[in-house]
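Asker: Protein chains in written order, with the working numbering: chain A, 1 to 333; chain B, 1 to 449.
I should point out that these hints are in silico values taken from the structure, not numbers from a laboratory.
Each hint should be verified, as a subset may be incorrect.
[Unchecked claim] 25 Å max Cα-Cα, derived SDA-like pairs, lysine to any residue:
1. B:31 x A:20
2. A:97 x B:260
3. B:252 x A:139
It should be emphasised that the depicted structure is a prediction, and the values quoted were computed from it without experimental measurement.
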Amino acid sequence: MTIDKDLIAETYSALSSVAAVSEGLLSVGYISSEEISTAIYLAVHLRKPILIEGPAGVGKTDLAQSLSRYLDVPLERLQCYEGLDESKSLYEWKYGKQLLYTQILKDRLNDVVGDAGTIADLTGRLATFEDLFFSHDFLEPRPLLRAMEQTSGSVLLIDEIDKSDEVFEAFLLEVLSDYQVTVPEIGTIKANVPPIVILTSNNVRDLGDALKRRCLHLYIGFPDAAREREIVRARVPDVSDSLLTQLVSFVQDLRTKDLRKRPSISETVDWARTLLLMHADSLDEAMVRKTLNVLLKYESDIEATSNAVGSMARNAASASESKRLPSGYPSLS
Amino acid sequence: MSAERTITDFVRALRSADVKVSTAETLDAVKAVDLVGYEDREFLKTALRSVLAKSEAEKDTYDRLFELFFQRKKKAQSEEATTAEQDTDEDSGEPQNFMDIAESSDEAAIEMALERAGQASGLQDIRFSTQTSYYAQQMLKEMGVREMEAELLVQLQAHTPEGDAEAERMMDARKIMTARAIEFAKQQFEVFGAGATQQFREDFLADKRINEMDRSDMERMKPLIQKLAKRLVSKHSRRKRQKNRGQLDIRKTLRANAGRDGVPFDVHWRQTKKDRPKLVLICDVSGSVARFVRFLLLFLYCVRDVVPDLHTYAFSARLKDVGPYLDTSLDGFESAMERILAEIGWGSTDYGQALSDLQVDHWSKIDRRTTVIVLGDARSNHGDPRIDIFEELAAKTKRIVWLNPEARPLWGTGDSEMLRYFPHCSTVTMLSNLKQLERAIDDVLMHYS
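When you get a sec, could you build the whole thing from the sequences and use the hints?
Answerer: What follows is the structure, given as structure tokens:
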């Protein structure tokens, strides 16, 4: 089967330029950056998977979800873990159904083979049954196969690929380079419209070169203050401007400290929600102390920062009041 | 210059700086350039970055080289467009007259000529900074300096005032062009050669004998050790599990097949998990060996991710647990090392005493999963080597690996007890350079995978 270029172009026509990608993602609430949009744009037009690396909670998975929402195509998600194999990722035969059907057919078997004269005749008849049992009706498609079978395009998210085994990584190569999978009993199934493939990794282990070579590479790090404000604003619309500025500058400051796990965007969003729930309209030390466990997930991190929290909160609070004079009085102008 | 040529040159520059780019990726890069064009430089940079650079370190190198490479390219490109407009015999590749180039008022035309001469003389192959003047000469030749010099001779031999003036002019032009060619070659070296030189230097360092190193080498060793250690970490960070071997896991199999009336379609086997590496280091920190200890410790603390269970003991006369000293960041390593040497590195070396200290104080930390690494020259000042304790230690542990800084012929000479310890060790290797160290540690970790 040849790939129908027009069909592909039509399916992903919404992603015709980098600006269109950014706007599209924005319309579903994902604040993109130049780099992210460029990678998506290239992925669609070069027909390559994207490998996204970066710390946990910066929106790697969310990017795939937003993309599928925006394009209005199904999202096939494959969560990787140690020991993941083909039967969980690609397909499995419905053994139970096959078993049930053989049980039912057992009684009728005589009717089918009863008048078969020779052995050759008999095996010929049985062979037709075999094909019946190993047909599409008895196939349980898993995410990879489902993504290949979509006729209208899809987003295939292979999440946390670094958690899977090396063997699985090698197995993925066929899928990623040709957008096709092989089921021995049926044949090769090739995607009509190749899915947009997004792989994410948290760098638990280094991925193989062969896999990296086949992918575009995108690193999503912690955002700068402006982008983080936009993201929090999009997720928590009710937060006031001054609180938003303060909390984002506090989190940005916190990331520069030597921590076991630095807070990422998802923690900032959670914290914004928490503060909103507690009716805080500005940061103060007591409030920060009470809610610090939303941002920091290790006891040792909380202890390590507890001394600095007061001054950090004051710094952050003053960040939104830069219009004021150093004396603390509002500017007269 | 065609887009393909530009990209392949850029890829060569990247490869020389240790960014691995395959042919397939080069093709992708060409496609990506077709897609995004040269107009928007930032856009081009982001686009190519996602195609060519596949890790954080590679992205840094990429950013640096992109600026170096395309800054120059842009100049050449914009200027190619203007000259193409002016006259079309540009493309005919007619070599221009040297003096025309040198005295051209058009800065871009000179750049262009340099660019072309550089390409003709194979400047992309430059590997060392010392080659710049050689390549500069080659470039001048390409630009027709020989013809100009012949002309110069004729003018000088004419012995006329006009001829002398003309000759003067030519010599000035040659001087200026030589300087420009050298500058250009230096720039090219930054793009194509600097990475390769770095590589060469690292290879050289890894082979150099540790006791012949001076202070500047030591400084450079640190990043190299980190690099080698990182390679080992990624190699050993996964625990390979043995599958489909040994006994049937009946419980798991029954549970997995409950839905199929207990007919065992899915068979599960008992899996044996491999042990995590457990290392005990015993380091002789007396004068002659101290230097090697520094490298071994630095190396092992860099591979800590795969060896969480690491105990370090140092001795010269008495043995002491130095783990707490080393529990610092990498920056604090040097001062920790100084402290260890100051506190323990005096007194006459006594292997027997050290072994008996180990037996008395730390015997419980050693079990059959432990690999003991001994670093020392086994020169025990004629004291009792306590072979009996060592034998017991060997029976108790998984392996004993002895790293000896001395060459093999010296083992057993003078007060060296190496040959008496030898039969109880799993392996004894000579340790004189970084490569041997890497191999030894690799070997130790290999026994846990």
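Asker: Check each numbered hint from earlier against the structure, then list the numbers of those it violates in ascending order.
Answerer: none
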